[in-house]
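First to last, the sequence lines map onto chains A and B. Here numbering that gives the first Met the number 0 is used: the first residue of the first sequence is 0, the next is one more, and so on. Here numbering that gives the first Met the number 0 is used: the first residue of the second sequence is 0, the next is one more, and so on.
FYI, nobody ran anything at the bench for these hints, they're computed from the structure. Check before you lean on any hint, since a few could be wrong.
[Said to hold, decoys possible] The calculated lysine to any residue pairs, modelled on SDA-like cross-linking and capped at a C-alpha distance of 20 Å, are:
id	chain 1	residue 1	chain 2	residue 2
1	B	98	A	156
2	B	98	A	148
3	A	102	B	214
4	B	98	A	164
5	B	98	A	149
6	B	98	A	162
7	B	98	A	159
8	B	98	A	154
9	B	98	A	152
10	B	98	A	150
11	B	98	A	167
12	A	254	B	211
13	B	98	A	151
14	B	98	A	166
15	A	291	A	227
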Amino acid sequence: MIEDDIYRTSSQFRVWSYTEQSLLSLRATTNVIASDRVRTAIRRAREAQQSATPSATGTPQPGSDVESKASDEKPIDCLTPEEELVFVRYYCESLLELGDEYKPPLPTTVRATAIQYLRRFYLTNSPMTYHPKKIMATALFVATKTDNYYMSLRSFAEAIPGNPSPDDVVAPEFLLMQGLRFTFDVRHPFRGLEGGIMELSAIAQGQGQTTPLLPHQTAESLKQGILSIAPPPTPSSSISDRIGRAHNATRELLKTAAQMTDVYFLYTPSQIWLSALLLSDRPLAEYYLETKLGGPITSSPANPDPSNPLNEIRTKLFKVLSDCAALLQAYTPLSADAAQIKNLKRIAKKHYKCQNPEGANMSQKRDSAPSRAVSSAAATDSGQVTSESETERLAKKRKLEEQKQNGPKDMFGGELVPDRTKGQ
Amino acid sequence: MAASPFASRSPSMTVASPNTAIRLKASAAQSGSGSAGDVKTSSQPNGELTEQLNDSVAQNYDRGKKLGEGTYAVVYQGFRRDTATTVAIKKIKVNADYKDGLAMDAIREVKYLQELSHPNVIALHDVFSKHENLHLVLEFLPGGDLEMLIRDQNVQYGAADIKAWMGMLARGVWFCHENYVLHRDIKPNNLLIAADGEVKLADFGLARSFADPYLNMTHQVITRWYRPPELLYGARQYSGAVDVWSMGMVFAELLLRVPFVAGNTDLDQISKICEAFGTPTEDNWPGVTKLPYYIETDSSQIIPTSGRDFFSRQFPTAGPVGADLLMSMCTLDPRKRITAVQALRHKWWTIDPQPTKNEDLPQKRHAEKKMAEDMSRRGGEVNDGPFKNAARQLDFGGR
Numbered sequence: 000m001i002e003d004d005i006y007r008t009s010s011q012f013r014v015w016s017y018t019e020q021s022l023l024s025l026r027a028t029t030n031v032i033a034s035d036r037v038r039t040a041i042r043r044a045r046e047a048q049q050s051a052t053p054s055a056t057g058t059p060q061p062g063s064d065v066e067s068k069a070s071d072e073k074p075i076d077c078l079t080p081e082e083e084l085v086f087v088r089y090y091c092e093s094l095l096e097l098g099d100e101y102k103p104p105l106p107t108t109v110r111a112t113a114i115q116y117l118r119r120f121y122l123t124n125s126p127m128t129y130h131p132k133k134i135m136a137t138a139l140f141v142a143t144k145t146d147n148y149y150m151s152l153r154s155f156a157e158a159i160p161g162n163p164s165p166d167d168v169v170a171p172e173f174l175l176m177q178g179l180r181f182t183f184d185v186r187h188p189f190r191g192l193e194g195g196i197m198e199l200s201a202i203a204q205g206q207g208q209t210t211p212l213l214p215h216q217t218a219e220s221l222k223q224g225i226l227s228i229a230p231p232p233t234p235s236s237s238i239s240d241r242i243g244r245a246h247n248a249t250r251e252l253l254k255t256a257a258q259m260t261d262v263y264f265l266y267t268p269s270q271i272w273l274s275a276l277l278l279s280d281r282p283l284a285e286y287y288l289e290t291k292l293g294g295p296i297t298s299s300p301a302n303p304d305p306s307n308p309l310n311e312i313r314t315k316l317f318k319v320l321s322d323c324a325a326l327l328q329a330y331t332p333l334s335a336d337a338a339q340i341k342n343l344k345r346i347a348k349k350h351y352k353c354q355n356p357e358g359a360n361m362s363q364k365r366d367s368a369p370s371r372a373v374s375s376a377a378a379t380d381s382g383q384v385t386s387e388s389e390t391e392r393l394a395k396k397r398k399l400e401e402q403k404q405n406g407p408k409d410m411f412g413g414e415l416v417p418d419r420t421k422g423q
Numbered sequence: 000m001a002a003s004p005f006a007s008r009s010p011s012m013t014v015a016s017p018n019t020a021i022r023l024k025a026s027a028a029q030s031g032s033g034s035a036g037d038v039k040t041s042s043q044p045n046g047e048l049t050e051q052l053n054d055s056v057a058q059n060y061d062r063g064k065k066l067g068e069g070t071y072a073v074v075y076q077g078f079r080r081d082t083a084t085t086v087a088i089k090k091i092k093v094n095a096d097y098k099d100g101l102a103m104d105a106i107r108e109v110k111y112l113q114e115l116s117h118p119n120v121i122a123l124h125d126v127f128s129k130h131e132n133l134h135l136v137l138e139f140l141p142g143g144d145l146e147m148l149i150r151d152q153n154v155q156y157g158a159a160d161i162k163a164w165m166g167m168l169a170r171g172v173w174f175c176h177e178n179y180v181l182h183r184d185i186k187p188n189n190l191l192i193a194a195d196g197e198v199k200l201a202d203f204g205l206a207r208s209f210a211d212p213y214l215n216m217t218h219q220v221i222t223r224w225y226r227p228p229e230l231l232y233g234a235r236q237y238s239g240a241v242d243v244w245s246m247g248m249v250f251a252e253l254l255l256r257v258p259f260v261a262g263n264t265d266l267d268q269i270s271k272i273c274e275a276f277g278t279p280t281e282d283n284w285p286g287v288t289k290l291p292y293y294i295e296t297d298s299s300q301i302i303p304t305s306g307r308d309f310f311s312r313q314f315p316t317a318g319p320v321g322a323d324l325l326m327s328m329c330t331l332d333p334r335k336r337i338t339a340v341q342a343l344r345h346k347w348w349t350i351d352p353q354p355t356k357n358e359d360l361p362q363k364r365h366a367e368k369k370m371a372e373d374m375s376r377r378g379g380e381v382n383d384g385p386f387k388n389a390a391r392q393l394d395f396g397g398r
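Construct the entire structure; sequences and hints are all you get.
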């Protein structure tokens, strides 16, 4: 049984692997459905307010009044799939930092799993319906459970800036899991990288493993080979220093660019780490591949030998790794780029006006028993009318919560772009 | 995607998933537009794409009669609509004492079964939510479990039957380890039997993937009688060897028809293991004295390690070659213990008697109640009744 066969049975391959085209159309579909629902829900909320305002209840509703005046009759401008993606990416980047709030800081794989959970969730859910700032803490908590880094919900919640209650953290858990199609395993490129680095170190020490595909190889020829490859992008004092630098640079790419782009949806873990290694030290990465498949690894070999199956594999691999590397290389963090920050702020403003007022309700799915009893009783008592006033109540509640959370201490609810980037 | 659950195990479906999504969306838009009379769903006419996908999975199944209920789950007979296949639907109970969301055993079970697809591992066909409850659609295994066959005095079986059962168990364990998954609760009542006689490794509530080097794991796993000495001594770093020991204990129990080393407490378990296999010492197991709960044995009390003769004498049914395999599964030092893949290469499998064909194996019919009992139990839990003194505590907090 070869590794590829095992990978093909994984849920990451079965459920979470796409072509660029299928990924695009899936996001478009999700966006269309969510936009329709947002428009319907906001319209319904407005109608409910209009019919409720002159009623005899006489309760002043300052919150909903403002909202209805501000957006009255205006067409509801929803986020595009591209805008949704940028918006979610901001919260993925925040998740990476959130891991530092813990003592000791959360392991890289736990954070990476949480980020992938968030990205997977928003393939079939829209941030207009479920605000990512609510889902991100839940994603991180679920990742601690699924990645064997278990801590109690209480101590998990305590470390989060803004001190959300444990209930807030766990409330959307079921919703998140449903969005994950109840697949919790994420195959990361980190372990593969460690293995590759160990192999390179062994080669450098004259203890490299030879492959039967290339019978002329010896441990000594491998060692001579690695010592005679083209120099690295930044000078290094020795081969082990060079391998160490490539290791660090690659790890950094895997922690950031690999998490924030679509590479997990489009490529396998080994393709991802090999691409990142190519970006960190191309001659070293190419040499590594040549020790397995012979060389050179190029798009069109000079004198191709059609009888050699390795040729075809090399050409194919070159294309895949180049594409993946291009995607990784194109990544810059949102906070590092003024134009991106501006765009993000625009999206955040737009998002504020097109949130689904019924979304807040949905994320309370596994709420405490009493409140569930109340809402279900209300729903059965008088049917649709009650459920609309419920909607209205929830819209108000959401608004209040948002005002409350906009306090300066809350990293989720505060200004979208954190302080450290303001100077730019 | 899971809109077509059996096919969802097929890789080709992955590429088709967006089409599924679009198709669902089209039907949703239809039902959403002209349905003023649809009062029941009026507040959420069709839901996000994710909910539509979930509902399309749930709608594939009809729930039949309740088969059993335990601390962990309720198990129903179920039917898949399009293929009329019988399945077991396991509805996970919300644990009232556990405030931290979905319990760890449910998370582990779902996580690992989603990844493992093998004839000797129970198949998880689908997972869906309905009314805020988690439902696992599992393979229907009406043949009961190995424990039932071992205990039932009316059932006669011999070496060829044991070889068939052990072969299936060893293949299932090998496959888990090949996928870097430790089962950590192998015992006869977690070995369920399909209608065609195939043995299936079930209950992944204590499973986890191999830890990275130097990272700790909890030693509070595996039901006591099947727990290896390294875990009893509190080892926090261990390997697939723990499952191999359990496999050896199941082998011995199949041969003897009673649990081989059945301690009443963890301490008693250690002393029973010493009596049966010898006292662990630095000589036969370098490093054992450094384990956290290692207990010094007075040199006069040290029992020498049991050799081939002991195993051949104790387990005549297995024959000398079978006894040799058993001995290598029960090696005290986990580093010297046989691995699952080495066990599969042992010569016992190829010598006579040949393993019994599945259809000729002794079988229980209509034992779905037993299946439900096994499926609804919490991981590491022991049935009440004759063996209730084996109940033990579980610590999920370890890492």
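(request) Could you grab the alpha-carbon distance between residue 98 of chain B and residue 148 of chain A and see if it respects the 20 Å cut-off? (result) The given pair, whose Cα atoms are some 17 Å apart, holds under the 20 Å limit.
(request) Could you grab the alpha-carbon distance between residue 98 of chain B and residue 166 of chain A and see if it respects the 20 Å cut-off? (result) 9 Å, holds
(message) Would the hint linking residue 98 of chain B and residue 150 of chain A be met if the CA-CA limit is 20 Å?
(response) Holds - the C-alpha atoms of residue 150 of chain A and residue 98 of chain B are around 12 Å apart, at most 20 Å.
(message) Next pair to validate is residue 98 of chain B with residue 152 of chain A; report whether the Cα-Cα distance is within 20 Å.
(response) 8 Å, holds
(request) Quickly compare the C-alpha distance for residue 98 of chain B and residue 167 of chain A to 20 Å and report which way the hint goes. (result) 12 Å, holds
(request) Verify the proposed pairing of residue 98 of chain B with residue 159 of chain A, using a straight-line Cα cut of 20 Å. (result) 18 Å, holds
(request) Would you mind confirming whether the straight-line C-alpha gap from residue 254 of chain A to residue 211 of chain B stays at or under 20 Å? (result) 18 Å, holds
(message) Just to be careful, I want the Cα atoms of residue 291 of chain A and residue 227 of chain A compared with a cutoff of 20 Å; is the pair within it?
(response) 17 Å, holds
(request) Given the hint that residue 98 of chain B pairs with residue 164 of chain A, test it: the Cα-Cα distance must not exceed 20 Å. (result) 12 Å, holds
(message) Hint check: residue 102 of chain A vs residue 214 of chain B, CA-CA at most 20 Å. Holds or violated?
(response) 17 Å, holds
(message) Check the hint pairing residue 98 of chain B with residue 149 of chain A against an upper bound of 20 Å on the C-alpha distance.
(response) Given pair residue 98 of chain B, residue 149 of chain A holds - Cα atoms ~14 Å apart, limit 20 Å.
(message) Can you confirm whether the C-alpha distance between residue 98 of chain B and residue 156 of chain A stays at or below 20 Å?
(response) OK: residue 98 of chain B and residue 156 of chain A at ~13 Å, within 20 Å.
Hint check: no violations occur; every hint is consistent with the structure.
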